[in-house]
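All chains should be built: construct the whole structure from the sequences, respecting the hints.
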Amino acid sequence: MKDIRNIAIIAHVDHGKSTLVDALLKQSDTDLGKLSDKELIMDFNELERERGITIFSKNAAVKYGDTKINIIDTPGHADFGGEVERVLNMADGALLLVDAQEGPMPQTRFVLKKALSMGHKIIVVINKIDKKNARINYALDKVIDLFIELGANDEQMNFPVVYASSKLGKAGLAPDLEKMENILPLIETVLKYIPSPEKIIAKEGRIPANPDAPLQIMIVSIKYDNYKGRTGIGRIYQGKISAGGGSSSGGKNGWVSHISREGKISKQKITSLMTFNGLNHVETEGSEAGDIVAISGIENINIGDTIADFDNPVALPPINIEKPTVKMIFSVNNSPFAGQEGEYCTSRNLNERLKKELDNDVALQVVDGKSPDEFIVSGRGELHLGILIEKMRREGYELQASKPEVIFHEENGKTTEPVEDAWIEAPEKYSGIVIEKMSNRKGQMKNMNVENGIVYFRFLIPTRGLIGFRNDFLIDTKGNGIINTLFAGYYPKWDDIQTNPHGSLIAHETGTSTSYALLMSQERGEMFIGPGVKVYEGQVVGQNAKAEDIIVNVCKQKQLNNFRAKTEQVTNDLIPPRIMSLEQCLEYLGDDELLEITPKSLRLRKRVLRNMIRKKLE
1 MKDIRNIAII
11 AHVDHGKSTL
21 VDALLKQSDT
31 DLGKLSDKEL
41 IMDFNELERE
51 RGITIFSKNA
61 AVKYGDTKIN
71 IIDTPGHADF
81 GGEVERVLNM
91 ADGALLLVDA
101 QEGPMPQTRF
111 VLKKALSMGH
121 KIIVVINKID
131 KKNARINYAL
141 DKVIDLFIEL
151 GANDEQMNFP
161 VVYASSKLGK
171 AGLAPDLEKM
181 ENILPLIETV
191 LKYIPSPEKI
201 IAKEGRIPAN
211 PDAPLQIMIV
221 SIKYDNYKGR
231 TGIGRIYQGK
241 ISAGGGSSSG
251 GKNGWVSHIS
261 REGKISKQKI
271 TSLMTFNGLN
281 HVETEGSEAG
291 DIVAISGIEN
301 INIGDTIADF
311 DNPVALPPIN
321 IEKPTVKMIF
331 SVNNSPFAGQ
341 EGEYCTSRNL
351 NERLKKELDN
361 DVALQVVDGK
371 SPDEFIVSGR
381 GELHLGILIE
391 KMRREGYELQ
401 ASKPEVIFHE
411 ENGKTTEPVE
421 DAWIEAPEKY
431 SGIVIEKMSN
441 RKGQMKNMNV
451 ENGIVYFRFL
461 IPTRGLIGFR
471 NDFLIDTKGN
481 GIINTLFAGY
491 YPKWDDIQTN
501 PHGSLIAHET
511 GTSTSYALLM
521 SQERGEMFIG
531 PGVKVYEGQV
541 VGQNAKAEDI
551 IVNVCKQKQL
561 NNFRAKTEQV
571 TNDLIPPRIM
581 SLEQCLEYLG
591 DDELLEITPK
601 SLRLRKRVLR
611 NMIRKKLE
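Yeah, the sequence shown ends on 618 if you go by my numbering, and it's all consecutive.
Keep in mind that the hints were calculated from the coordinates and are not lab data. Every residue, glycine too, gets a C-beta built ideally from N, C-alpha and C. Watch out, some of these pointers could steer you wrong.
What the hints assert, rightly or not - Quick list of simulated restraints, FRET-style, between CB atoms:
#1 I497 - N158: 41 to 47 Å
#2 K615 - I433: 31 to 37 Å
#3 P599 - I575: 26 to 32 Å
#4 E155 - I433: 44 to 50 Å
#5 N412 - I207: 34 to 40 Å
#6 D472 - K446: 20 to 26 Å
#7 R261 - L191: 47 to 53 Å
#8 K269 - N351: 29 to 35 Å
#9 I575 - E299: 56 to 62 Å
Stated by the list, open to error - Okay, derived cross-link-like pairs now, PhoX-like style, lysine-lysine, Cα gap no bigger than 20 Å in a straight line:
#10 K131 - K179
#11 K403 - K370
#12 K391 - K223
#13 K370 - K327
#14 K356 - K327
#15 K199 - K179
#16 K267 - K228
#17 K600 - K615
#18 K615 - K546
#19 K323 - K355
#20 K267 - K403
#21 K546 - K606
#22 K493 - K327
#23 K167 - K131
#24 K132 - K179
#25 K493 - K414
#26 K223 - K167
#27 K63 - K192
#28 K429 - K478
#29 K26 - K167
#30 K199 - K323
#31 K113 - K323
#32 K370 - K355
#33 K556 - K534
#34 K131 - K142
#35 K606 - K391
#36 K356 - K391
#37 K223 - K327
#38 K228 - K356
#39 K391 - K403
#40 K2 - K167
Next up, the structure:
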């Protein structure tokens with residue numbers, strides 16, 4: 001067998017996973033070609049670069065001497081837990097990155113818990129030791145506490161520690177940056193502590209790789225290729241496979257067994273077999289147990305499927321994915337501006353796009369709504385669904401989205417709801433308002449401590465209590481607060497939650513906003529638009545200072561009279577509008593409001609646009 005290591009990179013958001021993988025690629029014996037000049041090779045997706053987080057898992061392979069190290073870069077946010085869970089199945093160990101200044105964070109807990117439960121060996125990497133305010137000993141102590149809290153066994157507690165600066169491409173076994181030369185000490189630690197696939201101890205549901213056993217490959221990712229079509233990526237757990245489809249029981253001229261997630265078996269032919277070299281898919285004549293491969297030619301191949309031996313097809317255990325916690329209604333855009341900015345606007349377009357997403361995201365669920373134009377989309381959190389919406393609008397889709405709602409379950413005759421751990425950091429002077437707001441939303445304080453003028457809270461709070469909270473939190477803390485959440489499980493339904501209902505400023509008519517009209521309207525509250533913006537009747541153009549909706553005419557022209565004001569003066573008196581992001585818009589939504597989403601615009605609106613009809617219904 002080839003000398004192989006399979007490792008996952010796990011960490012909290014922005015603790016340096018992708019940067020570290022880049023350093024490993026650039027300093028190994030791997031030929032990267034033109035990619036070597038790029039920054040953050042792994043975060044090639046536009047959304048990832050903008051947000052500074054890893055959203056989609058990626059595979060790479062590092063060559064070091066005679067050893068091939070398959071690397072899986074994983075999302076660090078709990079909303080992408082489905083992605084994390086399935087790709088961890090391909091690994092035999094993990095690098096746990098921890099920021100030397102921040103220490104373990106909520107998402108650190110999430111990914112580490114998953115890795116430990118799978119029996120993975122862990123190498124702790126205290127990263128960013130070059131930071132001015134790095135607290136190396138503090139970070140390591142907190143990591144030890146976290147391992148104990150998560151129930152790590154004695155073997156897992158005996159983890160090696162590597163100190164690194166992924167930004168500088170340096171690592172060492174001691175926290176002395178000046179003595180570090182390169183990233184190679186980390187690679188050598190991987191070779192020493194992470195077992196090769198055939199040496200895995202048979203426990204925690206994992207079995208050593210055996211090239212002589214019947215073929216078994218678990219598909220964990222789907223990629224699309226313009227030439228090869230639908231390509232499944234997965235690990236060979238048992239057996240051998242060749243470009244001609246041969247397995248341990250003898251080749252069948254390219255034919256293997258395809259076992260779907262539902263257990264249906266079909267005989268199909270492989271047209272292409274590839275392994276990883278750097279970031280590239282490289283055609284190969286054959287591979288065997290322990291390696292990660294990409295397979296083309298299998299019709300309807302999906303995540304969770306097993307590619308098995310032709311004569312002896314045995315399915316691998318299914319991937320266990322936690323259920324969605326939040327749902328939204330996606331519907332066809334029916335505003336007066338529908339079809340003006342998007343390319344894909346019909347219910348058929350939406351249906352096809354959502355079905356395509358299901359092929360790649362096992363944590364997502366889609367069911368038909370009450371009408372043919374509606375689809376109920378469920379995911380692991382607001383961010384999970386928000387990323388999907390952002391992907392769709394960038395692809396040219398138009399749609400409408402409803403307010404996010406939590407998903408309740410019935411268990412033993414009782415209603416349960418999703419609950420989350422919330423970790424909050426804020427300057428001490430804002431601690432009172434944080435406690436008040438979290439208490440109103442049924443948050444239970446579990447811990448609180450003060451360090452250098454910063455208060456650190458931990459709350460247990462229903463997921464529905466967090467919907468619409470983040471915007472208020474940022475306002476209350478003047479943008480100085482940080483909140484991270486982690487799904488804690490389903491609990492018996494809590495009491496009704498007290499929120500601060502908002503009132504909206506609603507456009508009186510269809511037209512173009514004017515400086516004069518906005519100057520009059522801003523006395524009522526905060527505007528979401530500036531002058532020269534096209535609006536329609538029923539569109540939400542601002543937030544009322546009071547908890548009631550008000551109709552405002554933002555298109556009114558100034559009448560000529562003896563009290564003319566200079567245009568410059570009107571413009572100078574205008575308060576800049578609040579321009580909201582997609583996530584902020586979703587959090588703002590009320591029960592009777594929708595968000596119109598196009599490739600160019602985000603428009604808040606009332607479900608019923610005609611003001612007179614809406615008043616009659618109230």
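Checked hints:
1. The beta-carbon spacing between I497 and N158, approximately 44 Å, falls within the hinted interval of 41 to 47 Å.
2. Checked against the hint of 31 to 37 Å, the pair K615 and I433 passes, with Cβ atoms roughly 35 Å apart.
3. Evaluation of the 26 to 32 Å hint for P599 and I575 yields a pass: the beta carbon distance comes to about 28 Å.
4. Between E155 and I433 the beta carbons are some 46 Å apart, a value that agrees with the proposed interval 44 to 50 Å.
5. The hinted range of 34 to 40 Å is satisfied by N412 and I207, whose Cβ atoms lie roughly 36 Å apart.
6. In this structure the supplied range 20 to 26 Å holds for D472 paired with K446, their Cβ-Cβ distance being about 21 Å.
7. Between R261 and L191 the Cβ separation comes to about 35 Å, which falls outside the hinted range of 47 to 53 Å.
8. For K269 and N351, the Cβ-Cβ distance of about 30 Å falls inside the hinted range of 29 to 35 Å, so the restraint holds.
9. Restraint check, I575 to E299: a C-beta distance of roughly 58 Å satisfies the suggested window 56 to 62 Å.
10. With a CA separation close to 16 Å, the supplied pair K131 and K179 stays within the 20 Å bound.
11. With a C-alpha separation of about 16 Å, the suggested pair K403 and K370 falls inside the 20 Å cut-off, and the hint holds.
12. Taking the CA atoms of K391 and K223, the gap is near 16 Å; set against the 20 Å cutoff, the hint holds.
13. Restraint check for K370 and K327: satisfied, since their Cα atoms lie roughly 15 Å apart, inside the 20 Å limit.
14. Simply put, K356 and K327 have alpha-carbon atoms about 18 Å apart, close enough for the 20 Å limit, and the pair holds.
15. Simply put, K199 and K179 have alpha-carbon atoms about 34 Å apart, too far for the 20 Å limit, and the pair is violated.
16. Proposed proximity of K267 and K228 is supported: the alpha carbons are some 19 Å apart, at most 20 Å.
17. Our distance criterion of 20 Å between C-alpha atoms is broken by K600 and K615, whose separation comes to about 31 Å.
18. Between the alpha carbons of K615 and K546 the distance comes to roughly 18 Å, so the proposed pair stays at or under 20 Å and holds.
19. A hinted pair counts as satisfied when its Cα atoms are at most 20 Å apart, and K323 with K355 qualifies at roughly 18 Å.
20. For the hint pairing K267 with K403, the CA-to-CA distance comes to about 45 Å; that exceeds 20 Å, so the pair is violated.
21. Under the criterion of a C-alpha separation no larger than 20 Å, the hint pairing K546 with K606 is consistent with the structure, at around 17 Å.
22. At most 20 Å may separate the alpha-carbon atoms for a hinted pair to count; K493 and K327 meet this at roughly 17 Å.
23. As the CA atoms of K167 and K131 are separated by approximately 10 Å, the hinted pair is consistent with the 20 Å bound.
24. Between the alpha carbons of K132 and K179 the distance comes to roughly 17 Å, so the proposed pair stays at or under 20 Å and holds.
25. Between the alpha carbons of K493 and K414 the distance comes to roughly 8 Å, so the proposed pair stays at or under 20 Å and holds.
26. As the CA atoms of K223 and K167 are separated by approximately 29 Å, the hinted pair breaks the 20 Å bound.
27. Under the criterion of a C-alpha separation no larger than 20 Å, the hint pairing K63 with K192 is consistent with the structure, at around 15 Å.
28. A distance of roughly 11 Å separates the Cα atoms of K429 and K478; the hinted pair therefore holds under the 20 Å criterion.
29. Proposed proximity of K26 and K167 is supported: the alpha carbons are some 12 Å apart, at most 20 Å.
30. The suggested pairing of K199 with K323 is violated, with an alpha-carbon distance near 33 Å, which exceeds 20 Å.
31. Note on K113 and K323: the hinted pairing holds, with a Cα-Cα distance of about 17 Å set against a maximum of 20 Å.
32. A C-alpha spacing of about 18 Å is found between K370 and K355, which places the hinted pair at or below 20 Å, so the restraint holds.
33. Proposed proximity of K556 and K534 is supported: the alpha carbons are some 13 Å apart, at most 20 Å.
34. Only pairs whose Cα atoms come within 20 Å are accepted, and K131 paired with K142 is accepted, the gap being roughly 18 Å.
35. The straight-line distance between the Cα atoms of K606 and K391 is roughly 24 Å, outside the 20 Å bound, and the hint therefore fails.
36. Of the supplied pair hints, the one linking K356 and K391 holds, its CA atoms being roughly 12 Å apart against a limit of 20 Å.
37. The hinted pair formed by K223 and K327 fails the criterion: a straight-line CA distance of about 26 Å is larger than 20 Å.
38. Taken as a hint, the K228 and K356 pair is honoured in the structure, with Cα atoms around 17 Å apart against an allowance of 20 Å.
39. A distance of roughly 19 Å separates the Cα atoms of K391 and K403; the hinted pair therefore holds under the 20 Å criterion.
40. Taking the CA atoms of K2 and K167, the gap is near 31 Å; set against the 20 Å cutoff, the hint is violated.
Consistency with the previously given hints fails for numbers 7, 15, 17, 20, 26, 30, 35, 37 and 40, ordered from lowest to highest.
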